[in-house]
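Enquirer: Sequence:
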Amino acid sequence: MNLEYRAEIISNQSVEEDIIELLEEKIPTIEYTIIPTVSGKGRKTQKLGNTIWPEQNFVLFTYLDKENAKILNDCVKALIKRFPNEGISLFFTLSQSID
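Quick note, the sequence shown lines up with residues 104 to 202 if you use my numbering.
Quick list of the computed label-pair ranges, beta carbon to beta carbon:
no., residue 1, residue 2, range
1, K147, I174, 22 to 30 Å
2, T140, E107, 27 to 35 Å
3, F164, E128, 12 to 20 Å
Each computed BS3-like pair below joins lysine-lysine, with the alpha-carbon atoms no more than 30 Å apart:
no., residue 1, residue 2
4, K184, K147
5, K169, K180
6, K144, K173
7, K144, K180
8, K129, K173
What the hints contain is simulated information worked out from the structure, not anything from laboratory work. Note that the Cβ used here is the ideal one computed from N, Cα and C, for glycine as well.
Construct the entire structure; sequences and hints are all you get.
Expert: Right, here's the structure in full:
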């Protein structure tokens, strides 16, 4: 399998389980890593885990072939429609193996 793409999902922790559940349903072979607590400032709001900005994000990243990258993209689009205020973002980069 040629894992051409690195995908990163950054989102509010409140929808982490929903995201993982959908990805595992649609891409049963998916392997991923999660950074569970991430602070930062996006276009709309800050999530810093403090008394002023109490929410925080998580980051999920995975490596995928083209077919599964398209499936993941469709999953994230559906999740954004379902949770429009949770700041779900998806980024793809090309991955390259160094031999």
